[in-house]
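Enquirer: Residue strings, one per chain:
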Amino acid sequence: MRRTYYLITLVFALALLNNIASAQCKGFAKKICKLELIPYIHDGNYHAAILTEGEEAELYKTFYSGQNYRLAICGSDALPDIEFKVIDAYKNVLYDNTEHNKDRVWDFQLEASQQLKITVKVPNSNTESEYPASGCVAIMFGFKESE
Amino acid sequence: MPKKHFINSLIFLSIFVVSLVIVSCNTGKKKSAKDVSIEDFVTEDDIFDDIDKAKKIFYSLPSPLETAMLIKSAGAEYDEELLNSLDNVSQYTTSKSLALNLGIYTTDLSFASLFDQTQTSISYMTAAQEMAEGLDINDAIDSETMTRLEENLQNRDIVMDIISETFLNSSSYLKEQRRPDVAAIVLVGGWIEGLYIATQLIGDKDITNNKLVDRVLEQKLSFNIVQRMLDDNKENENGEQNEDIVDMISELKELKEAFDKVKVQTSQTETIDNKETNITTLKSQTTVSVTPEDFKKLQLVVDNLRTSFIQ
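One line per chain: the protein sequences are Y and A, in this order.
Those letters in the first sequence? Residues 1 to 147, per my numbering, in order.
Those letters in the second sequence? Residues 1 to 311, per my numbering, in order.
Rather than coming from a laboratory, the hints here were simulated on the basis of the structure.
Watch out, some of these pointers could steer you wrong.
[Claimed, not checked] Pair by pair, the computed Cβ-Cβ distance ranges are:
no. : chain 1 : residue 1 : chain 2 : residue 2 : range
1   : Y       : Arg104    : A       : Lys72     : 28 to 38 Å
2   : Y       : Glu130    : A       : Gly75     : 33 to 43 Å
3   : A       : Lys234    : Y       : Asn92     : 24 to 34 Å
4   : Y       : Val93     : A       : Gly203    : 36 to 46 Å
5   : Y       : Arg104    : A       : Asp157    : 40 to 50 Å
6   : A       : Gly75     : Y       : Glu128    : 30 to 40 Å
7   : A       : Glu293    : Y       : Pro123    : 45 to 55 Å
8   : Y       : Pro132    : A       : Gln265    : 41 to 51 Å
9   : A       : Gly203    : Y       : Pro132    : 49 to 59 Å
10  : Y       : Pro132    : A       : Ser90     : 48 to 58 Å
[Said to hold, decoys possible] To give an idea of the chain Y side of the interface with chain A (calculated C-beta under 7 Å), a few residues:
no. : residue
11  : Lys26
12  : Ile41
13  : Gly44
14  : Asn45
15  : Tyr46
16  : Ala57
17  : Thr62
18  : Tyr64
19  : Asp88
20  : Ser113
21  : Gln115
22  : Glu128
23  : Glu145
[To be verified] Taking lysine to aspartate or glutamate pairs in the DMTMM-like style, the calculated list, with each CA pair at most 25 Å apart, reads:
no. : chain 1 : residue 1 : chain 2 : residue 2
24  : A       : Lys56     : Y       : Asp96
25  : Y       : Lys30     : A       : Glu144
26  : A       : Lys234    : A       : Glu251
27  : Y       : Lys85     : A       : Asp49
28  : Y       : Lys34     : A       : Glu251
29  : A       : Lys175    : A       : Glu144
30  : Y       : Lys144    : A       : Asp116
Note that this is a predicted model, so its numbers are computed, not measured.
The beta carbon of each residue, even a glycine, is placed where N, CA and C say it ideally should be.
Just need the whole structure built from these sequences, with the hints factored in.
Expert: So this is what it looks like as structure tokens:
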């Protein structure tokens with residue numbers, strides 16, 4: 001009987017924490033990461049998730065000619081600087097932020113529309129902490145017409 | 001006895017939450033070209049070759065705002081007749097129709113705003129608000145948003161920011177509520193509306209050297225993402241089949257057949273960094289081609305699909 005109570009409580013606690021984490025992630029994307037897009041206009045899409053050190057994510061998107069894009073990838077303060085790469089269909093790495101001081105944004109334009117893959121990695125922080133850090137990672141796009 | 005267990009559970013819950021908060025705090029961060037070749041093409045599927053399902057995967061479709069911008073930048077003109085009638089608002093009651101038409105009305109709103117149609121923008125924001133309310137997306141478009149819109153109708157940048165913000169509110173709320181399937185349907189609705197407006201504006205015009213036609217054909221690349229996004233949401237997290245998504249996949253079969261007739265090929269990419277502007281140019285070539293007959297078929301399929309979505 002006691003075990004059942006603890007189990008129910010644990011499930012409730014996990015659900016509660018998940019909701020808190022999601023709400024924090026939404027707030028982080030809207031209030032912090034979106035600011036990185038200025039002066040570009042945010043497209044309105046929401047791509048964010050809680051990631052833990054060592055975890056990776058991928059995003060697939062078609063980018064169109066005639067548009068200027070800003071890609072912003074931000075991690076919450078609990079995480080080490082996020083690493084990301086932009087890769088084309090030939091698997092060529094077009095941009096790697098580890099070669100640019102782990103910048104959070106990349107501005108680009110395309111002569112021709114194409115699909116690109118964005119890979120995101122939360123590196124290990126090498127802290128002495130017993131637990132790997134976890135936090136929100138948001139991938140956001142801004143655009144404006146090419147001049 | 002049960003009271004004692006309840007108190008124990010509360011203590012356990014408190015310790016659990018506090019521990020996790022402490023763990024979260026303690027793990028704080030120590031912040032401290034080649035030539036372009038058109039001989040070696042890839043097609044729209046190649047990017048997904050080494051997809052790793054073990055990772056968190058995001059599929060990103062053009063949002064209603066981006067869709068409207070793409071149509072306008074391709075030289076489209078404004079035609080209010082093409083927008084979904086506001087008279088239809090009250091007939092959307094199911095989750096699927098509300099989601100589809102939230103996307104559709106948001107694309108219409110974006111389209112009208114980009115052409116400075118101020119009164120229409122307010123009307124379509126209201127329609128989008130009703131769809132959002134029907135989906136229980138609280139506060140996505142609230143009275144404050146409407147006031148801000150009305151006060152800034154002459155400032156297109158602010159209007160676009162408001163549209164972007166409301167769409168972000170809707171999609172983030174749906175994902176937070178673990179309704180990614182509904183978020184996917186909203187996106188598909190908005191994307192189809194963009195395709196509809198563009199194909200209708202093209203009408204019977206010559207499809208050669210037509211920027212808007214190229215824009216439509218390039219949507220084959222995004223259609224690929226539509227399919228994967230819907231496939232990913234076929235089942236909910238409990239493993240149950242999501243009927244609305246299964247229906248949509250079936251409804252999009254004819255569109256797939258129409259896009260299968262479109263050829264899209266992309267060359268290797270050369271990156272050119274502009275040190276002054278800090279903007280990288282991706283230099284490549286993408287060829288799109290279709291016969292006039294197949295383009296007509298695509299127009300018809302899009303028209304039928306959109307008609308079914310707004311009914």
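Enquirer: Tell me the hint numbers this structure goes against, listed in increasing order.
Expert: Result: hints 2, 5, 6, 22, 28 break, sorted rising.
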